[in-house]
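Protein chains: 2
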Amino acid sequence: MKQSKLFTKTTKENPKDEVSRNAQLLIRAGFIDKLMAGVYTILPLGLIVMNKIENIIREEMNSVGGQEIFMPTLQPKDNWLKTQRWDSMDDLYKVKDSSGHEMALGPTHEEIVVPLMDRFIKSYKDLPFSVYQFQNKFRMEMRSKSGILRGREFVMKDLYSFHLNEKDLDEYYDLIAETYKKIFKRAGIGDVTYMTYASGGLFSKYSHEFQAVTPAGEDLIYICKNCSLAINREIIADIKACPGCGQNDYREEKSIEVGNIFKLMTRFTEPFNLKAMNEKGEPMEILMGCYGLGLGRLMGTAVEIHHDDKGIIWPESIAPFRVHLISIKQNEEALKIYNKLKNMRVEVLFDDRDDVQAGTKFADADLIGCPIRLVVSEKTLKEDSVEFKKRNESEAKLIKINEVVDILK
Amino acid sequence: MKQSKLFTKTTKENPKDEVSRNAQLLIRAGFIDKLMAGVYTILPLGLIVMNKIENIIREEMNSVGGQEIFMPTLQPKDNWLKTQRWDSMDDLYKVKDSSGHEMALGPTHEEIVVPLMDRFIKSYKDLPFSVYQFQNKFRMEMRSKSGILRGREFVMKDLYSFHLNEKDLDEYYDLIAETYKKIFKRAGIGDVTYMTYASGGLFSKYSHEFQAVTPAGEDLIYICKNCSLAINREIIADIKACPGCGQNDYREEKSIEVGNIFKLMTRFTEPFNLKAMNEKGEPMEILMGCYGLGLGRLMGTAVEIHHDDKGIIWPESIAPFRVHLISIKQNEEALKIYNKLKNMRVEVLFDDRDDVQAGTKFADADLIGCPIRLVVSEKTLKEDSVEFKKRNESEAKLIKINEVVDILK
Numbered sequence: 003m004k005q006s007k008l009f010t011k012t013t014k015e016n017p018k019d020e021v022s023r024n025a026q027l028l029i030r031a032g033f034i035d036k037l038m039a040g041v042y043t044i045l046p047l048g049l050i051v052m053n054k055i056e057n058i059i060r061e062e063m064n065s066v067g068g069q070e071i072f073m074p075t076l077q078p079k080d081n082w083l084k085t086q087r088w089d090s091m092d093d094l095y096k097v098k099d100s101s102g103h104e105m106a107l108g109p110t111h112e113e114i115v116v117p118l119m120d121r122f123i124k125s126y127k128d129l130p131f132s133v134y135q136f137q138n139k140f141r142m143e144m145r146s147k148s149g150i151l152r153g154r155e156f157v158m159k160d161l162y163s164f165h166l167n168e169k170d171l172d173e174y175y176d177l178i179a180e181t182y183k184k185i186f187k188r189a190g191i192g193d194v195t196y197m198t199y200a201s202g203g204l205f206s207k208y209s210h211e212f213q214a215v216t217p218a219g220e221d222l223i224y225i226c227k228n229c230s231l232a233i234n235r236e237i238i239a240d241i242k243a244c245p246g247c248g249q250n251d252y253r254e255e256k257s258i259e260v261g262n263i264f265k266l267m268t269r270f271t272e273p274f275n276l277k278a279m280n281e282k283g284e285p286m287e288i289l290m291g292c293y294g295l296g297l298g299r300l301m302g303t304a305v306e307i308h309h310d311d312k313g314i315i316w317p318e319s320i321a322p323f324r325v326h327l328i329s330i331k332q333n334e335e336a337l338k339i340y341n342k343l344k345n346m347r348v349e350v351l352f353d354d355r356d357d358v359q360a361g362t363k364f365a366d367a368d369l370i371g372c373p374i375r376l377v378v379s380e381k382t383l384k385e386d387s388v389e390f391k392k393r394n395e396s397e398a399k400l401i402k403i404n405e406v407v408d409i410l411k
Numbered sequence: 003m004k005q006s007k008l009f010t011k012t013t014k015e016n017p018k019d020e021v022s023r024n025a026q027l028l029i030r031a032g033f034i035d036k037l038m039a040g041v042y043t044i045l046p047l048g049l050i051v052m053n054k055i056e057n058i059i060r061e062e063m064n065s066v067g068g069q070e071i072f073m074p075t076l077q078p079k080d081n082w083l084k085t086q087r088w089d090s091m092d093d094l095y096k097v098k099d100s101s102g103h104e105m106a107l108g109p110t111h112e113e114i115v116v117p118l119m120d121r122f123i124k125s126y127k128d129l130p131f132s133v134y135q136f137q138n139k140f141r142m143e144m145r146s147k148s149g150i151l152r153g154r155e156f157v158m159k160d161l162y163s164f165h166l167n168e169k170d171l172d173e174y175y176d177l178i179a180e181t182y183k184k185i186f187k188r189a190g191i192g193d194v195t196y197m198t199y200a201s202g203g204l205f206s207k208y209s210h211e212f213q214a215v216t217p218a219g220e221d222l223i224y225i226c227k228n229c230s231l232a233i234n235r236e237i238i239a240d241i242k243a244c245p246g247c248g249q250n251d252y253r254e255e256k257s258i259e260v261g262n263i264f265k266l267m268t269r270f271t272e273p274f275n276l277k278a279m280n281e282k283g284e285p286m287e288i289l290m291g292c293y294g295l296g297l298g299r300l301m302g303t304a305v306e307i308h309h310d311d312k313g314i315i316w317p318e319s320i321a322p323f324r325v326h327l328i329s330i331k332q333n334e335e336a337l338k339i340y341n342k343l344k345n346m347r348v349e350v351l352f353d354d355r356d357d358v359q360a361g362t363k364f365a366d367a368d369l370i371g372c373p374i375r376l377v378v379s380e381k382t383l384k385e386d387s388v389e390f391k392k393r394n395e396s397e398a399k400l401i402k403i404n405e406v407v408d409i410l411k
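Protein chains in written order, with my numbering: chain W, 3 to 411; chain U, 3 to 411.
Don't read these hints as lab results, they were simulated from the structure.
It is possible that part of the hints are untrue.
Chain copies aren't distinguished; within one or between two, either way the pair holds.
Stated by the list, open to error - List of simulated lysine to aspartate or glutamate pairs, EDC-like, C-alpha gap at most 20 Å:
hint	residue 1	residue 2
1	LYS4	GLU389
2	LYS36	GLU104
3	LYS7	ASP354
4	LYS344	GLU405
5	LYS127	ASP357
6	LYS4	GLU70
7	LYS344	GLU318
8	LYS256	GLU180
9	LYS331	GLU236
10	LYS11	ASP120
11	LYS7	GLU180
12	LYS79	ASP99
13	LYS139	GLU104
14	LYS242	GLU335
15	LYS342	GLU405
16	LYS36	ASP80
17	LYS399	ASP368
18	LYS18	ASP120
19	LYS342	GLU220
20	LYS127	ASP354
21	LYS124	GLU281
22	LYS127	ASP356
23	LYS96	GLU143
Construct the complete structure from the given sequences, taking the supplied hints into account.
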C-alpha cells in the first residue's frame with residue numbers, strides 16, 4: 003500500500019484522554035480512533051492486524067472441528083430470564099423495540115446458542131460438536147482506562163462445545179487449552195502468556211484464564227516457580243498446593259486476561275431443557291464448554307508487550323505489513339522495488355509521500371512498527387543498494403537491490 | 003466439507019412464522035435461523051455465502067480506492083443531536099450506559115465517520131478519498147415479513163466519500179454506480195437489477211436505488227421501456243420524462259431495493275464543521291457521498307430470484323459449494339473422488355451420511371442448491387462413472403471418474 007493514499011496520519015502527541023500505552027501508541031500510529039470511553043473505530047492499519055489475528059484464530063478453531071456461525075446482538079429478554087441472568091448481570095445493556103419489548107445487547111451468547119441447538123440436536127449421534135463466531139460484544143464496563151484492553155464494545159471469538167458426558171467435555175476442554183497456547187504463540191505473545199487457574203463457579207472446580215504478563219496488566223497472577231502454571235488472585239488464598247506440580251512457591255505478576263475457557267456443564271442446557279436421546283430413546287443431559295478470546299484485547303496486549311520509546315514492534319505474524327519501504331526523494335527507483343516486492347506477495351507499506359521530511363518518515367516507521375524497514379536514498383542508490391533494518395534491532399546494513407528479493411523470500 | 007459433520011439439518015416443513023420464500027428456503031436448508039422477527043443467526047452454509055458476497059464487494063470497493071475500516075455500533079447521543087436526527091429518526095434504537103447517558107445503536111454511520119475525519123482531513127491535498135466497512139446495523143423496523151430482506155439487525159457495507167467540489171463527487175458517484183452494477187452482476191442478480199431514480203431529499207435532485215425485480219418485492223418501480231432506467235414509486239408522479247432517454251413509457255414491476263447511493267453534499271460535514279484548507283489557507287466546504295449495500299438482503303434476493311419448487315439454485319459465484327457429491331452407500335469410492343476434488347481446490351459438500359436414504363439426499367441437494375450434483379452409486383461405479391447433473395438443468399449424465407477432474411477444472 004502507498005502511504006500517500008492512506009487517509010490516516012500519525013500524531014506526535016499522546017491523546018490526552020488515554021493513560022494506557024497500548025491505546026496511546028495505537029491511536030498515535032493510526033491503528034484505532036477513540037469514539038468514547040471503551041468504544042473505538044478500527045482504522046485501516048488496525049483492521050489488517052485484527053484480520054490477521056482473526057485468521058490465526060479461525061485456522062485453529064477449524065482445526066479442532068469448530069463450525070463458524072454468526073449470532074445476533076439483539077437477544078430476547080425471555081432467554082435471559084430463563085437463565086436468570088437478566089437481573090443479575092450488571093453489565094448487560096438493555097434496549098427496547100418499537101412495541102416496548104425489552105432486549106439485551108449480547109455480552110455473550112449462551113442464551114442464543116443453546117436454544118438454537120434445540121433445532122439440530124436430536125440424538126446422541128449428533129454429539130459432540132462445537133460452533134464459534136467472531137462477533138461484537140457489548141458490556142457496560144465501568145473501568146475503561148486500559149485502552150482497547152477493556153471495551154464496552156469489542157470483537158470476541160466465542161466457541162461453544164456440546165458433549166454427552168464429562169470425559170468427552172474434559173478432553174475437548176484440554177484440547178482447546180492447547181489450541182489457545184498455539185494461538186498466543188502464533189500471535190507473538192506465547193512467551194509471556196500463562197494458563198491460569200481461576201474459579202469454576204458453582205458448576206465446576208476450576209476454569210482457566212490465559213494471562214499475559216505485563217506491567218500494564220490490571221490483574222494479578224501467581225506463577226508457580228516450579229511448573230509455570232499460574233493461579234489468579236481470586237482463588238490463590240484457597241489453593242493448598244500448585245494444581246500442576248504440588249509445590250507451593252509462586253511469584254506475583256501483573257497481567258492481562260487474553261482468553262478464558264470454562265466448563266459450563268448443564269448451567270445453560272438445563273434451563274432450556276436441551277437434551278439428546280440415547281440409544282434406548284431416553285433423554286440425556288448435554289454438557290457444555292465455552293471458550294472466549296478478545297481480538298482487540300489481543301492486539302492491545304501485543305502492543306503492551308512489544309514496544310519501545312519510539313513505537314510499536316509488531317510480531318511478524320500480526321504486523322500490518324512485513325516491510326516498510328521508505329523513499330527519500332527517490333520515488334522512481336523505490337517504486338520499482340515496491341512493485342518487485344508486491345509481485346513476490348511481500349506485504350509492503352511504501353512511504354512515497356513527497357511533502358514529508360526524512361526524519362518524520364523514520365519516526366513514523368518506528369511508530370507504526372513493521373518488522374523490516376527498507377530505505378531508498380541517493381546515498382544507498384550510489385551503492386546499488388537499499389538500507390535494511392529490523393525494527394527490533396538497532397543495526398542497519400546496506401544490501402544490494404538485486405539481493406532484496408532473496409533476503410525477503 | 004463432510005455433510006455428516008455439519009451440525010445443521012434440513013427440514014421438510016416450512017417454518018410457520020415465515021411467509022417469504024427466501025426465509026422459508028434459507029431456514030429449511032440450514033443457511034439461517036430465526037431468533038425473532040427481523041433477527042437471524044447465520045449458520046455455517048449461510049456464512050460461506052455471506053463471505054463470498056462480502057469478498058466480491060470488498061474487491062470492488064478496493065478497486066475504487068475505498069479504504070476499509072470498522073466503526074462502532076454504540077454512538078454518542080451528542081453526535082445525533084448535532085445532525086438533528088436523534089429525535090427525527092423513527093427507527094433509531096436508543097440505549098443507556100451505566101451513568102444514564104444515552105447512546106444510539108448505529109443504523110448508519112454518518113454521525114461517526116464525519117467527526118472521525120476531522121482528525122485526518124486538514125488540507126485540499128487530503129481529498130478526495132473514501133472509506134467503507136462491513137458492519138452490523140440496527141433499525142427498529144415495523145415490517146418484518148420479508149425474511150432477511152428487511153432486518154432489525156443486518157450486516158451492511160457502507161461506503162462514504164469526501165470531495166472538494168461537486169464535479170469530483172459527481173464523477174465518483176457515477177463510478178460507484180457502475181461498480182454496483184458489477185457487484186450485482188458478479189453476485190448473479192445483474193440481469194434483473196435496475197438503477198432506479200429516487201428522491202434526493204433536500205440536498206440533491208436525485209438519489210439512486212438498485213432495485214431487483216421479483217414478485218416478492220415490497221417496492222414498486224417503473225422501468226423505461228426504451229432505455230431500461232427505472233424510477234421509484236415515490237417520484238414517478240413528478241417525472242415529466244425518463245431522465246435517461248427523455249421518453250415516457252414505463253412498465254411497472256415489484257422489486258427489492260438491494261443498494262442505494264446518495265449525494266449527501268454538506269448535509270453532515272456542515273453540522274460537524276468538517277472543512278479543508280485550500281491553497282490559500284482558507285477553509286473549504288467538504289462534500290460527501292454515501293453508498294449502502296445490505297449483504298443479507300443480497301443473499302435473500304438471490305434466493306428469491308434463483309429457486310424452484312425443490313429449493314435454491316445458487317449462482318455459482320455465491321454458492322456455498324460448487325459441487326454437492328452424494329454417496330449412495332459407496333462412501334469408500336466417493337471419498338476418493340472427494341479427496342481428488344479437494345486437492346484441485348474444488349469446493350465440495352460431500353454427503354457421506356450413512357443413515358440417510360438416497361431420496362432424502364437428492365431432496366437435500368435440491369434444497370441446498372449447489373450448482374453441480376455428482377452421485378456415486380453401485381450403478382455408476384459399474385460404468386467407472388459418476389452421475390453429473392447441474393442444479394439448473396433437468397438432464398443428468400454419466401461421466402467417467404477419470405474425466406471428472408477435467409470437467410470441473
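Outcome of the hint check:
1. LYS4 / GLU389: Within. Shortest intra-copy distance 19 Å satisfies the 20 Å Cα cut-off; inter-copy 51 Å does not.
2. LYS36 / GLU104: between (29 Å within a copy, 18 Å between copies)
3. LYS7 / ASP354: within (9 Å within a copy, 50 Å between copies)
4. LYS344 / GLU405: Within one copy only: 15 Å inside a chain, 37 Å across chains, cut-off 20 Å.
5. LYS127 / ASP357: Only across copies: LYS127 and ASP357 sit 10 Å apart there, 66 Å inside one copy, limit 20 Å.
6. LYS4 / GLU70: between (34 Å within a copy, 15 Å between copies)
7. LYS344 / GLU318: within (17 Å within a copy, 30 Å between copies)
8. LYS256 / GLU180: neither (23 Å within a copy, 55 Å between copies)
9. LYS331 / GLU236: neither (58 Å within a copy, 56 Å between copies)
10. LYS11 / ASP120: between (50 Å within a copy, 11 Å between copies)
11. LYS7 / GLU180: neither (41 Å within a copy, 22 Å between copies)
12. LYS79 / ASP99: Answer is both; intra-copy 11 Å and inter-copy 18 Å each pass.
13. LYS139 / GLU104: Answer is both; intra-copy 18 Å and inter-copy 18 Å each pass.
14. LYS242 / GLU335: Neither, since 66 Å and 57 Å both go past 20 Å.
15. LYS342 / GLU405: within (12 Å within a copy, 39 Å between copies)
16. LYS36 / ASP80: Classified as between: cross-chain Cα gap 15 Å, same-chain 34 Å, threshold 20 Å.
17. LYS399 / ASP368: Answer is within: at 17 Å inside a copy they meet the 20 Å cutoff, but 62 Å across does not.
18. LYS18 / ASP120: between (50 Å within a copy, 17 Å between copies)
19. LYS342 / GLU220: Intra 45 Å, inter 52 Å, cutoff 20 Å: neither.
20. LYS127 / ASP354: So LYS127 and ASP354 pass the 20 Å test across copies only (14 Å; inside, 59 Å).
21. LYS124 / GLU281: For LYS124 and GLU281, the Cα distance is within 20 Å only inside one copy (11 Å; across copies 70 Å).
22. LYS127 / ASP356: Between copies, since 11 Å is at most 20 Å while 65 Å is not.
23. LYS96 / GLU143: Both: 14 Å inside a chain and 18 Å across chains, each within 20 Å.
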